[in-house]
Amino acid sequence: MTERPIKVLIAKPGLDGHDRGAKVLARGLRDEGFEVVYTGLRQTPEMVAAAALQEDVDVVGLSILSGAHMTLVPRVCRLLRERKMDDVLVVTGGIVPDDDVPALKAEGVAAVFGPGTTIIEVADFLRANARPRR
Amino acid sequence: MAGAAGTGAADTLVEAALRGDRLALARILTAVESRTAVGEAALRRLYPLAGRAHIVGVTGPPGSGKSTLVAALTGELRRAGRSVGVIAVDPSSPITGGALLGDRVRMQIHAQDDDVFIRSMAARGHAGGLAPTSGAAAAVLDGVGFDTVLVETVGTGQSEVEVAAAADTTIVLEAPEMGDEVQAIKAGLLEVADIVVVNKGDRPGAQRTAGQLRAMLVAVPRVGRGSAAADGATGGAGGAAGERPRPTAPEVLVTTATTGAGVPELLAVLDRRRAADHDGRRNAARRTRAAAQVWSIVGERMRADLEAPALLEATTATLLAVAEHRLDPFAAADRLLASLRRR
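Quick mapping for you: the protein sequence lines, in order, are chains A and B. Per the numbering used here, the very first residue in the first sequence carries number 14; after that it's consecutive. Per the numbering used here, the very first residue in the second sequence carries number 146; after that it's consecutive.
Hints in this document: simulated from the structure, not taken from any laboratory. Errors might be hidden in some of the hints.
As the list claims (entries may be wrong) - To spell it out: a stretch of chain B is covered by chain A in this simulated footprint if at least three of its residues, at any positions, have a beta carbon under 8 Å from a beta carbon of chain A; those stretches are:
1) 172 to 178
2) 242 to 249
3) 261 to 274
As the structure is a prediction and not an experimental result, all values here were calculated from the model. Where is the CB? At the ideal position from N, CA and C, for every residue including glycine.
This is chain A alone, in the form it adopts within the complex (with noise of 0.2 Å):
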C-alpha cells in the first residue's frame, strides 16, 4: 500500500474576509500533492477543530490578517487538545508580528510562516512534520 497523500485544513478563522493568501496556498498544496479541505471564510475555532476532527487530517494550516491570531490560534489549540487530535500539526499564516511567534508556539503552533513564504517551503514543512500516515 503506497503512502496516502498528507490531508490539511486550510481554515481562515475570525472576522478578516481576506482569503486570497488562503485560496493561493490551498491551489498552491493542491499542486503539491497534498488533499487540501478548504473551508471558507468567518470560522469560529469551534467550527475550525470540528471540521479537522470529521475529515481527520493531519495538518491544521490557519490564516489570520485581522490581528486577531492570540485569541483565535490558542483556542483551536485547545480545542484539538480536548479532541484528543495532539498529534495534528497546526501552522499559521498572514501576518504575524515576530513577537507573538514565541507565544503562539508555546501554545503548540509548529510554524509561523509570514509574508514571502514561499507555496514549496510550506509544502516541505508539512511533508517533513506531518504525522506518519498509515
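Keeping the supplied structure of chain A fixed, place chain B upon it in accordance with the hints.
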C-alpha cells in the same frame, strides 16, 4: 490475510464509534479510504449493522448547487430530528494526485452539530464521479447509525452514473437553461435519476426547464431490463440478478437551495421513496451494489495473490509477453487464472 492484522485496533475503533466517538469514526473512515487492514476489519464489523440508512446520491454538473442543496437537505432533516452523514467527493489532480476539497464551504453551518458528520473525499484517480471507497465510507456511516447518508459526487458531465449503484435514491441536479430538450433525451446521467431537481429556482427559466424535463423524461420507454447504471457499476458483470430496473419517469422538482425553497418537498419525495423501498433491502439497486462490491474485492484479491512472492515472477513474465505481443490478453488472463487454481 489482510483481515486478521487489523482486527484488534478495528474493534476498539468500532466500539468507540458506536458509542458516538466522532474521532474514532473519522479514523475508521481514514483507514477505509486508505484501504488498510484496520479499515477492512472495521468494515467487516460494521457491515452487518448497515442497511438501515437511506443512502441518497446527489449528482449534477459543477456549479449546479450540489453542496448547497446537501446543506439545505441536511438542515431539513435536522429539523425533523434525524441524523445525517455526508460524503462529499471532489476530483483529484491527474497530474499531482493532490485535491482541493471545497464542498464544506457550503456546509459549515452544520459543522458543530453532533448529529451531522461531514467527510470530504478526493476521487483519487477514480473516474465514475465517486472515490473508489465512497460506497464503503457510506456503509460505515450507515453502520454507526446515521438516519440518512448523502453522497455528493464530483461535478459530473453526462456519463458519470456510478452513484446510482452506490445509492438507494439518486438525485440529479440541473441548473435552469442548461440545454434544450435534446439534452434531456440523451443517454446517461438523466437516465439514472430517481429525482431530477432543477436548482436555482429563483433564476429565470427554472420552471420552463422543469417543464421541458418533465415532458421529455416521461417519454423514456419503460423497458424492464438492462441499464447503464448496472453496467457502469459492475464493469458489465451484472447478470440477471444484478440488474437495476430502469427508473421510470423521475419526479422533477424545482428548488432554490440558497433559500431552502422546495427542499421540504424534496425531502417528502425522498421519504415516500424510502417508505416504498422499506422492505426492499433485497431490491435491485442493493443487489447491484452488493455484486459490484464483491466482484471488486474478488478482483483485488486475485490480483494480490498473483502478485504475491510465489507467483510474482510468472505473473510478470505473462504480462511482459502481452506487452511484446507474444501472447494475447485473453490467453494471458486464462494463464493467470490457471496458475491461481494450481496453487
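The hints, checked one at a time:
no.	hint	result
1	172 to 178	holds (count 5)
2	242 to 249	holds (count 7)
3	261 to 274	holds (count 5)
Of the numbered hints listed earlier, not one is contradicted by the structure.
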